[in-house]
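Number of protein chains: 4
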Amino acid sequence: MIIVMKKGATTREIANVTARVEQLGRQVHLSEGEERAIIGVVGDGRPLDREQIGRMSGVEEIVPILRPFKLASRDFRPQDTLVRLDGFSAGDAGVVVIAGPCAVEDRVQLLETAHAVKEAGAKVLRGGAFKPRTSPYSFQGMGLEGLKLLAEARQETGLLVITEVMSPERVPLVSTYADILQIGARNMQNYALLHAAGESQKPVLLKRGMMSTMEELLMSAEYILSHGNDRLLLCERGIRTFEHYTRNTLDINAVPMLKQLTHLPVFVDPSHGTGKWDLVGPVARAAIAAGADGVMIEVHPDPENAMSDGAQSLKPERFAQLMIELRAVAEAVGRTL
Amino acid sequence: MIIVMKKGATTREIANVTARVEQLGRQVHLSEGEERAIIGVVGDGRPLDREQIGRMSGVEEIVPILRPFKLASRDFRPQDTLVRLDGFSAGDAGVVVIAGPCAVEDRVQLLETAHAVKEAGAKVLRGGAFKPRTSPYSFQGMGLEGLKLLAEARQETGLLVITEVMSPERVPLVSTYADILQIGARNMQNYALLHAAGESQKPVLLKRGMMSTMEELLMSAEYILSHGNDRLLLCERGIRTFEHYTRNTLDINAVPMLKQLTHLPVFVDPSHGTGKWDLVGPVARAAIAAGADGVMIEVHPDPENAMSDGAQSLKPERFAQLMIELRAVAEAVGRTL
Amino acid sequence: MIIVMKKGATTREIANVTARVEQLGRQVHLSEGEERAIIGVVGDGRPLDREQIGRMSGVEEIVPILRPFKLASRDFRPQDTLVRLDGFSAGDAGVVVIAGPCAVEDRVQLLETAHAVKEAGAKVLRGGAFKPRTSPYSFQGMGLEGLKLLAEARQETGLLVITEVMSPERVPLVSTYADILQIGARNMQNYALLHAAGESQKPVLLKRGMMSTMEELLMSAEYILSHGNDRLLLCERGIRTFEHYTRNTLDINAVPMLKQLTHLPVFVDPSHGTGKWDLVGPVARAAIAAGADGVMIEVHPDPENAMSDGAQSLKPERFAQLMIELRAVAEAVGRTL
Amino acid sequence: MIIVMKKGATTREIANVTARVEQLGRQVHLSEGEERAIIGVVGDGRPLDREQIGRMSGVEEIVPILRPFKLASRDFRPQDTLVRLDGFSAGDAGVVVIAGPCAVEDRVQLLETAHAVKEAGAKVLRGGAFKPRTSPYSFQGMGLEGLKLLAEARQETGLLVITEVMSPERVPLVSTYADILQIGARNMQNYALLHAAGESQKPVLLKRGMMSTMEELLMSAEYILSHGNDRLLLCERGIRTFEHYTRNTLDINAVPMLKQLTHLPVFVDPSHGTGKWDLVGPVARAAIAAGADGVMIEVHPDPENAMSDGAQSLKPERFAQLMIELRAVAEAVGRTL
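Residue numbers (the numbering used here), protein chains in the order written: chain Y, 8 to 344; chain V, 8 to 344; chain S, 8 to 344; chain C, 8 to 344.
The set of hints was computed from the structure by calculation and includes no laboratory data.
Check each hint, because a few of them may be wrong.
In this list, chains with the same sequence are indistinguishable; a pair is considered to hold if it fits within one copy or across any two.
Pairs of lysine-lysine residues, derived as BS3-like cross-links and limited to a Cα-Cα distance of at most 27 Å, are as follows [said to hold, decoys possible]:
hint, residue 1, residue 2
1, Lys155, Lys283
2, Lys77, Lys155
3, Lys14, Lys125
4, Lys77, Lys209
5, Lys283, Lys125
6, Lys322, Lys14
7, Lys77, Lys13
8, Lys14, Lys155
9, Lys14, Lys77
10, Lys283, Lys77
This one's a predicted model, so the numbers in the text were calculated from it and none came from an experiment.
Whenever a hint applies, use it, and build me the whole structure from the sequences.
What follows is the structure, encoded as structure tokens:
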């Protein structure tokens, strides 16, 4: 951390600041320039609270140097983390495809989709049983019944199952049915939920909030990792910008940037990231070309009648075609699928 | 809702769409222009799901006409809602000032602040007992102990007490100590929490998410109102933009815009909205000049040593001075304080 | 400037960086912590180019300390700059109101508006002769004819005249008719135009780009000031965000923030900042309460038939009413109007 | 265009609006629902000005149906436009690579880079002679001397040359030296410049503004196309968002979205789109996987000493390696390079 003093800060102000820093157990390197003094704070441990010192008399600005996340950082663990799932891992050379409907709607819809995506090469089935909806008047998911259908689909197809959990007290229930817990974008900073997911020791896919920086995503990852649960997948799913021709703006930069910052696998959700089914294919290809460890794609046998996200869902035959395209791109960048 | 068909949509496609709409219990007005057909959907009730129809063959775009919120809208209730509190109301001519520390830290800090803000004219004491923090390594609040101190401060000063509740299972506990439940920006779309707050029948202050639209704020309000709980205050607290000289960008437009859209009282939090104590005063004055029904201001007796948000907290003497300024502005716009 | 070296940067890399900095005429303060080395760059003069050094081997990050603007900063000139106009100044206790139509459309429209705003208390008449339009098919302004009508309106009413100039070669022409040159939001980084406006020695009102930070606004101001032209007014006019209920998001924080950063007068344009005539009044009041030195308001005698910006223009009688409100707020914050 | 009337609009208000629309030469389809009336505007020609009607009494909202651009749209020209350059075209199966330094700095730097990128497979050499810089104190480019060096590099290598033009009066000069005129992000709405570039009949590469929507990009394209100049390339180069780990957020969605909306070739600039040289490779691969017709990459023989944009420039050997990767991805998606 670097403390920039105001132009004209007094000797006494500078002394007060250095005394405070030392009292907090750090060492100080003072550089007094012609225009202003700069105080470098040295010493290990967690970053000091910027605000405490930032408010002291004579201080102009506090500049953090270290990233505020630790367990999630490459500095902490230089090698890629491989998240072992059932007979395969996320984070190695194989690109993992998660596919399925936005919401579980009924037995036929789910099983039909599950068989189709399995055959096309997906490894994990997605499907929402509890749905976060902007409107209280929209379909809120099938709940427990949906979880049971997911378990049945796993039984029938051998696919792993991922589904969203929306509140801490539901973590035990969802954990008994799902192989991977999904924490949705709106809950990325629901800290009670992050704690519960960390404690569960189940694999977790954590989606970046639509309004969250990469740094905040990694800070939320820290909540889960701090419980010793490192079977954690991060997922870029589009951020909110001023552009309105697409539902969100998929942040493709985040793929290589996150791979630099963290050892955790990075997934991409082009369905939410674009909001339009006819953009899903090109953007899924882009994600893999940029180095994503997996993609998550919405597939529905009858998108026109889907109860949610129909506009961004692929039909099974289009998905099968896309898998062929994705495999070609994966191989072009030295991966498999 | 208006359905815009693609240029060149076939008669059959148009017929399919109109049939679907009628099947959903609405009437159809078809306009066939030279370039394309436009289908107006008429009939009361809740809006149809855009996605369902948007995905049908031949449809180019769905244009919603009605606002998706109902109970929160001025159309539904044209008169201002007065939220009765203890001997006074929010939403009438009197501007309500909420003040206090970001977090409850100890008995002395809280009581000293409570007495000071009471004397300066505040009606409600704020103070966080459970704190949502980006980092798992930051101070997370005093918890139950903090709630008890808030209750003691109320006892001593007669101020009402507002504090944040972060998860649905804590609503009963927090409700026994607080007069007003605060739902924070990060939880604006934590639907389980919104339901629990709605059921509690306690007054609620709902903060706009830092990257949520006004429409989404009103949709979240709808979750609370749909439980018959209309003692609801909305609070603008700054949105996230590209500007980085300030912590957030306070959306001053939201004050008069929300007052047009909804009958609920609108508050402003200039402390989070700016992130800098020396901007709080001018922006608080602006909020009242723009028509806000109340402001929420962070006050701390020793901001340099505050455990959170010190950079944006006012000292009690500065707050007392600000109250004089706010009163002058309130009177200039025909309000009292 | 502070140079943060990577964890594990070699002695040689550190030496290379310090040598480069010294070669550029600055001094170096080296702090070697346990985790990484930090190099403080001391010495006066213009900031070094971040990129040059940021790219050197072993460097993790460059942190600028000094603001990149100089002539525009309060450090450079602590007192408020008063921009003398004709018998009055901007930047003193008197709040200056600029009003008039978005575009000059014809003689009757302009003169009628000019008389009305003069009578209500405005000091400056606005009116576009050259109009920047998103679409090549929209009305592009009356050009020279419009300039002549503006000059006639000045003659008749005694109001000063402000109008937009859109390209450097038009600066001399516009300068012969207008008292104040306006540089619009889309041209805030049109550097050739900034140079020409600086050279002209006419008063300039520089609008913040809808996509520009305050820092960039002040850097653009620097272009004008560097020609010795300090009769410069800055104008906040709303920035682009994700919110879509309003045309732009007026950045009210920018008013007190800019007043801290710079000695130049700060104006606010609530017409473009909101895009809706019924929000203009509340937001204009807010601007003055926040400390703005002036406001710029669109007024049109027949907004329904305006050739541009009708949706955000006030009728003259509504404007006269607003002036009364603005005066009350100005007095409440110790200003006059 | 659809006109939504307010709830409770009077018969007279509805009649006034329909009369106005008919007077403007359009036909009207009136749908009177239980809650409100909706007026569909039918008839060909350019869109009516929303504001004119939006301001009429009783009107709640205007909903545009047609895209406001015409010549740039796929509706107008369904086939891909091939922009013929010298012996090759942009917009066909071959992906075009533009490479070179941000700024022309001296003869050796430019020629060395030109030979290197030619050998690696680039078809066009980039290099700035006139540089738009945020700060008046930064290097502003070599000007005419730079143009001459570019012409020399073309002579020596056979590469085409692209360089930025910043003001309308410079278009003739730059046109005599360059094969393609570049209009930079900051000038995307410099309408005088767009007109001049349109008139020049030279090929133009138009960059999307960093906070401009795709719609605005296509409207600016319309300015150029309306002069009969359709040798036009669009270029996505990153937009401004709240994320700060990268300089900009490259909008990968824009590639397939623009390809749907327009017949013009779409390029991507991953150097500005990321701001970090080590992200350029992955994002360039992503661009091609998403369907871009070309990429524009900054290459510098000595990025540490580059006068601008060193942080995002590749060394020639890294660029040569990247070309191999890009070729593999291009082939995986059925293109060549």
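We went through each hint and held it up to the structure:
Neither within a single protomer nor between protomers do lysine 155 and lysine 283 lie at most 27 Å apart by alpha-carbon distance, with minima of 30 Å and 47 Å respectively. In this homomeric assembly, lysine 77 and lysine 155 never come within 27 Å of each other (Cα to Cα): the closest approach is 38 Å inside a single copy and 34 Å across copies. When the C-alpha separation of lysine 14 and lysine 125 is checked against a cutoff of 27 Å, the pair qualifies neither within a copy, at 65 Å, nor between copies, at 37 Å. In this assembly of identical chains, lysine 77 and lysine 209 lie within 27 Å of each other by CA distance solely inside one copy; the values are 21 Å within and 40 Å between copies.
In the homo-oligomer, the alpha carbons of lysine 283 and lysine 125 lie at most 27 Å apart inside one protomer (23 Å), although the nearest pairing across protomers, at 38 Å, exceeds that limit. In this homomeric assembly, lysine 322 and lysine 14 come within 27 Å of each other (Cα to Cα) only across copies, at 24 Å, whereas the closest approach inside a single copy is 63 Å. Only between protomers do lysine 77 and lysine 13 lie at most 27 Å apart by alpha-carbon distance; the minimum there is 15 Å, versus 31 Å within a single protomer. Proximity of lysine 14 and lysine 155 under a CA criterion of 27 Å is satisfied in neither setting, with 66 Å inside one chain copy and 44 Å between copies.
In this assembly of identical chains, the alpha carbons of lysine 14 and lysine 77 lie at most 27 Å apart only when taken from different copies (14 Å versus 34 Å within one copy). For the identical chains of this complex, lysine 283 and lysine 77 are inter-copy neighbours only, at 23 Å across copies versus 36 Å inside a copy, given an alpha-carbon limit of 27 Å.
Checked against the numbered hints given earlier, the structure breaks hints 1, 2, 3 and 8 and satisfies all the rest.
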